[in-house]
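Knowing the structure of chain F, use the given hints to seat chain L on it.
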Amino acid sequence: NAGVTQTPKFRILKIGQSMTLQCAQDMNHNYMYWYRQDPGMGLKLIYYSVGAGITDKGEVPNGYNVSRSTTEDFPLRLELAAPSQTSVYFCASSPLSTARAGEQYFGPGTRLTVT
Amino acid sequence: AQSVTQLDSHVSVSEGTPVLLRCNYSSSYSPSLFWYVQHPNKGLQLLLKYTSAATLVKGINGFEAEFKKSETSFHLTKPSAHMSDAAEYFCVVSALSGSARQLTFGSGTQLTVLP
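Chains F and L, in that order, are what the protein sequence lines are. Going from the first sequence to this note's numbering is simple: count from 1 and add 119. Going from the second sequence to this note's numbering is simple: count from 1 and add 39.
There is no bait here: all hints are sound.
With a straight-line Cα cutoff of 27 Å, these simulated DSSO-like cross-link-like pairs (lysine-lysine) come out:
| no. | chain 1 | residue 1 | chain 2 | residue 2 |
| --- | --- | --- | --- | --- |
| 1 | L | Lys81 | F | Lys163 |
| 2 | L | Lys108 | L | Lys88 |
| 3 | L | Lys88 | F | Lys176 |
| 4 | F | Lys176 | F | Lys133 |
| 5 | L | Lys81 | F | Lys128 |
| 6 | L | Lys97 | L | Lys108 |
| 7 | F | Lys163 | F | Lys133 |
| 8 | F | Lys163 | L | Lys88 |
| 9 | F | Lys163 | F | Lys176 |
| 10 | L | Lys108 | F | Lys163 |
| 11 | L | Lys97 | L | Lys107 |
| 12 | F | Lys176 | F | Lys128 |
| 13 | L | Lys97 | L | Lys81 |
| 14 | L | Lys107 | L | Lys88 |
| 15 | F | Lys176 | L | Lys81 |
| 16 | L | Lys81 | F | Lys133 |
| 17 | F | Lys163 | F | Lys128 |
| 18 | L | Lys107 | F | Lys163 |
Keep in mind that the hints were calculated from the coordinates and are not lab data. Bear in mind the structure is a predicted one, so any value in this text is a computation, not a measurement.
Here chain F stands alone, though its shape is the one from the complex (with noise of 0.2 Å):
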């Protein structure tokens, strides 16, 4: 199994620009996330996805928009970009069962820069 993937691993955006963060998992997992860290600072949930074609807002949503079209894939958009975006992202899955709820597995990350 790959895991999570995550791609570009780099990118710079100029404010303004618009670009799709792309995610996708081969566990068969039923949970996603998106996930934003900033330096010195803990990961914040931007928006998280139970299954194919539902969604909900995490902890920081504004600025981006998401959307599940298949339990595999979980792209996240954003669509005028703005300095406060330059972040690092990270997408997480994680399976349904309760016994291993809040256990997520990570990709390697986005690393974003808006100037």
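For chain L alone, coordinates are given in the frame of chain F:
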């Protein structure tokens, strides 16, 4: 509401000496608690988890943590540090919010291991 406080932003130890990374939590309910590790330029990896079974939890790579309800603490320890332990460590509390179990991250402790 839930929160996590990691009491040290940086910890430095010599190779072969004990490691102690401190974490206090606040949760309205019986919490699930986790320690995740992040090596440079990598995604997060689960070290260990507490989910209301044994209060002393053993994880990977010789790490363990003890859940102390009276002190609302979940400190991470290792008897003997190895150079490969140098990384950032996150204490995490989990609670059911909406339709998924969401994680709240501490701000992280950077562990340096000196030769």
